[in-house]
Amino acid sequence: MRTAVVVFPGTNCEQDVAHALTSLGGEVELVWHRETDLTGFDGVVLPGGFAHGDYLRTGAIARFSPVMAEVERMASQGSPVLGICNGFQVLCEAGLLPGALIANRDLAFICRFVDLEVVDNDSILTRSAEIGQRIRIPLNSYEGNWVDPGRTGRIVLRYLDDPNGSQNAAAAVANDGGNVVGVMPHPERGVDELLGSGDGRVLLEGFLHSLVPA
Amino acid sequence: MKVTVEITRRPEIADPQGTTIERALRDLGNNEVMSVRVDRVIHLEVDGDDPAVVQSRVEEMCRQVLANPVLEDFSVEVTG
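So the protein lines, in turn, are chains A and B.
To convert, note that position 159 of the first sequence is 159 in our numbering; the numbers rise steadily by one, no gaps.
To convert, note that position 71 of the second sequence is 71 in our numbering; the numbers rise steadily by one, no gaps.
Derived by calculation from the structure, the hints in this document are not laboratory data.
Here a beta-carbon is modelled for each residue, glycine too, at the ideal position from N, C-alpha and C.
Mixed in with the good hints there might be a few duds.
Chain B side only, calculated, beta carbon under 7 angstroms to chain A, not exhaustive [said to hold, decoys possible]:
| # | residue |
| --- | --- |
| 1 | Ile-13 |
| 2 | Pro-16 |
| 3 | Thr-20 |
| 4 | Val-70 |
| 5 | Leu-71 |
Restraint ranges, calculated between C-beta atoms of paired labels, are given here [to be verified]:
| # | chain 1 | residue 1 | chain 2 | residue 2 | range |
| --- | --- | --- | --- | --- | --- |
| 6 | A | Ile-131 | B | Glu-45 | 49 to 59 angstroms |
| 7 | A | Gly-40 | B | Thr-4 | 44 to 54 angstroms |
| 8 | B | Asp-49 | A | Arg-34 | 48 to 58 angstroms |
| 9 | B | Asp-27 | A | Phe-113 | 31 to 41 angstroms |
Excised from the complex, chain A in its bound form:
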């Protein structure tokens, strides 16, 4: 079971994601954004950072990177596709998830632990967790305020407080099939109690358990 972790120019969380997934038994390969063939990968992660400098809008340029055609193919085939932070923004821009992410309500860059609640566990991110389970992981973003005018998004994780103004306090959103998920806080930075929390493990284990041979 192999997971591709996509690296755009400006991505900066790829090593954290690779470390976290590897420590949970996953097999990971970093893939440059110009790659046009993800055959042989069973899942894909778009990590956090500032892809293409976040120019125009966050994720707006990244969604046209060559690798995105393959990400779209995998999403349509039901493979696990996870976008974390900036990756969430890219998935919204690509139309693989509903809505869009705008600047935080208070225009502050938020960098702290946040408390989340699992509200839907029928997704690749939340399937190993219980409904109502509390998760504490770091949030690290300026544009984490999810808006969904069409109200079609399926929220799988919710903030207990609403630090950034996100609609219905959404912290993670899934597509109808549950195989494409965007999460604004960072599960990969919460896999070791030594660094403040191990709560992200149950989320990434869900991702790894969702991998089936392509």
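Start from chain A and add chain B according to the hints.
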């Protein structure tokens, strides 16, 4: 030809930047300010002779990448 694209956030979508500027203007005593919205203007130079063709090509570019249809509307003006 010179083209000006104005990208505006839909009124129903929050504009935290506009709200913050509005508050600052009022704090400075400009009490007549009723609302502030911050939008984006993009200037392009486009190869072409027919303003109608250039107009419709840039509108396509807006739909393709320059504007996010979830959040934004756009207007295109070919200025010669």
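message: Going through the numbered hints above, which ones does this structure break? Give me the numbers in ascending order.
response: 8
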